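Using the hints, position chain W against chain X.
Next come the chains, spelled out residue by residue.
Number of protein chains: 2
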Amino acid sequence: MGTITKALDLLDLFSSTHPEIGLGEFTRLTGRDKATVHRHLTELAENGFLEQHPLTRAYRLGPALLRLAAVREAAFPMRKLLHPIVAALAEDVGELAHASLLQGDALSPVVHADPKLHGVSVHFDESELLPLHATSSGLAVLAFGPDALRERVLARPLAHHTGQTVTDPTALKTLIVEVRKTGVARLEGAFDAEVTSQGVPLYGEGGVIGALSVAVPSIRAQPEKLAEIATRLRAAAQEASRSLGGPSPSHSRPLPHAARAAHP
Amino acid sequence: MGTITKALDLLDLFSSTHPEIGLGEFTRLTGRDKATVHRHLTELAENGFLEQHPLTRAYRLGPALLRLAAVREAAFPMRKLLHPIVAALAEDVGELAHASLLQGDALSPVVHADPKLHGVSVHFDESELLPLHATSSGLAVLAFGPDALRERVLARPLAHHTGQTVTDPTALKTLIVEVRKTGVARLEGAFDAEVTSQGVPLYGEGGVIGALSVAVPSIRAQPEKLAEIATRLRAAAQEASRSLGGPSPSHSRPLPHAARAAHP
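These protein sequence lines map, in sequence, to chains X and W. Numbered by my numbering, the letters in the first sequence go through residues 1 to 264 in order. Numbered by my numbering, the letters in the second sequence go through residues 1 to 264 in order.
Worth flagging that the hints you see were computed from the coordinates, not collected in a lab. It is possible that some hints are incorrect.
The list treats identical chains as one, so a pair stands whether inside a single copy or across any two.
Restricting the straight-line Cα-Cα distance to at most 25 Å, the calculated cross-link-like pairs of lysine to any residue (SDA-like) are [stated by the list, open to error]:
1) LYS6 - GLY183
2) LYS80 - ASP12
3) LYS116 - GLU73
4) LYS225 - THR17
5) LYS116 - SER127
6) LYS6 - GLN52
7) LYS116 - ALA235
8) LYS34 - LEU158
9) LYS80 - ALA45
10) LYS80 - ILE21
11) LYS80 - GLN52
12) LYS181 - ALA87
13) LYS116 - VAL177
14) LYS225 - GLY2
15) LYS225 - ASP12
Note that the structure is a prediction, hence the values are computed from the model and not measured.
This is chain X alone, in the form it adopts within the complex (with noise of 0.2 Å):
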């Protein structure tokens, strides 16, 4: 792992239930040399991508990410540009969205939405990155994404998130093959224990570029529902990756069998 990598890990652990980081907790988190760790810091802060707390010293993300982040939204409006998107999914299903970019061998959320019409929702935390073999997202991309980001992934040690997260390589990949089947991935709690998800493939220019999702409690995941929120899914991730500059690939097509025939 180089410098680099080694610094920008420690960004990493930072969430919003975890804002503050003191030195002696990254040293035991990361297990590192202190001195080293300490030295990483030290260059992040200098950089404004860390700050101090006055008084306890304990690090915070810093300022040049929030104008490094508007310098990406002004140029290239994901965010804005999702935004709508997931807000009338969320409203036309009734359940939480979610669309993540991925970042690495994760998805990086970037946008959720929630009407929050039932007493039980899903909690969603746009903080957290989305592991790519224990989320619905994730298998929308290992499915749809480029070959070598799936070998990669399935040549790891793929972590339990649940006790129902498929972790074995062979099953992972049966899952990979129905997924590409059906156009969408559905997963029943993978990643949370009573959270039934389905998500779709995001393409952009070059390909697949991250995925759009629906969560429900699993108590409410009735297959009937399941299957109408599969289609709607579908039409908005179209909307979307036309947006994103993408092609519109046949298997998120939202047209009904009749009409697609009418338009080979």
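Only chain W this time, still in chain X's reference frame:
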């Protein structure tokens, strides 16, 4: 300069007017060895801090920045907190107002608002870092911020941004003394030839963390107008500093002298 700083420096080359940069351009802009630059770019891309255009292979800022900015904003909602204050100030004075946070030896814009009441308005690029010696925001931070920061900035060569930028350390020191007396930094044409701006410091728990400013086209910068803006700027900065966890320093008190005497 450390490896991490060298890599992170590459990210600062992006701006909203320059959202894609190729390897050759990175090499030219940095004057560094091409192989080293390429290694840094690859490592940044592997970590989601950059992504490559699928066809041109040019680099863009990556999705990791969106996620990390969201994590920071969720825990320390600077943008959310400053937005209403900046918007109300802009509305009040009828001119462009902006807030920025200290990032290394420059200020990083966080939010700006412009009611656009006039035919001529100040162009503000939120993706551009504000140099401390050439902006009213920076001058306010130099006047009330840490001694070490001021000494570091004064010891270095100061860049010309316009013909009116103060680049002589002695002249800059005189300006700083003046700002300490009035509590408000005022600069005419130092960063943009046709713009006059006034800035005051923003305080967090540990002291000065940034600045709040109002910028007007110099053609509209009559003395009475500037005095009125300065009063409102002080009041808005006090409100912002209170929300940011800072103390209420006497020089940013918005109270008139009579009222101040009544509350010693």
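Do the hints match the structure? See the list:
1. Taking the closest pair of Cα atoms, LYS6 and GLY183 never come within 25 Å of each other, the shortest separation being 37 Å inside a single copy and 43 Å across copies.
2. In this assembly of identical chains, LYS80 and ASP12 lie within 25 Å of each other by CA distance both inside one copy and across copies; the values are 24 Å within and 23 Å between.
3. Proximity of LYS116 to GLU73 under the C-alpha cut-off of 25 Å is restricted to the inter-copy arrangement: shortest distance 23 Å between copies versus 27 Å within a copy.
4. Taking the shortest Cα distances, LYS225 and THR17 never come within 25 Å of each other, neither inside one copy (32 Å) nor across copies (46 Å).
5. For the identical chains of this complex, LYS116 and SER127 are intra-copy neighbours only, at 20 Å inside a copy versus 35 Å across copies, given an alpha-carbon limit of 25 Å.
6. For a Cα distance limit of 25 Å, the shortest separation of LYS6 from GLN52 qualifies both inside one copy, at 19 Å, and across copies, at 21 Å.
7. In the homo-oligomer, the alpha carbons of LYS116 and ALA235 lie at most 25 Å apart inside one protomer (22 Å), although the nearest pairing across protomers, at 39 Å, exceeds that limit.
8. Taking the shortest Cα distances, LYS34 and LEU158 never come within 25 Å of each other, neither inside one copy (29 Å) nor across copies (37 Å).
9. In the homo-oligomer, the alpha carbons of LYS80 and ALA45 lie at most 25 Å apart only across protomers (23 Å), although the nearest pairing inside one protomer, at 29 Å, exceeds that limit.
10. Proximity of LYS80 and ILE21 under a CA criterion of 25 Å is satisfied inter-copy only: 23 Å between copies versus 31 Å inside one chain copy.
11. With identical chains, the CA atoms of LYS80 and GLN52 are at most 25 Å apart between copies only, with a shortest distance of 20 Å across copies and 31 Å within one.
12. Taking the shortest Cα distances, LYS181 and ALA87 never come within 25 Å of each other, neither inside one copy (27 Å) nor across copies (51 Å).
13. For the homomeric pair LYS116 and VAL177, neither the shortest alpha-carbon distance inside one copy (34 Å) nor that between copies (56 Å) is at most 25 Å.
14. Taking the closest pair of Cα atoms, LYS225 and GLY2 never come within 25 Å of each other, the shortest separation being 47 Å inside a single copy and 55 Å across copies.
15. Taking the closest pair of Cα atoms, LYS225 and ASP12 never come within 25 Å of each other, the shortest separation being 36 Å inside a single copy and 47 Å across copies.
Checked against the numbered hints given earlier, the structure breaks hints 1, 4, 8, 12, 13, 14, 15 and satisfies all the rest.
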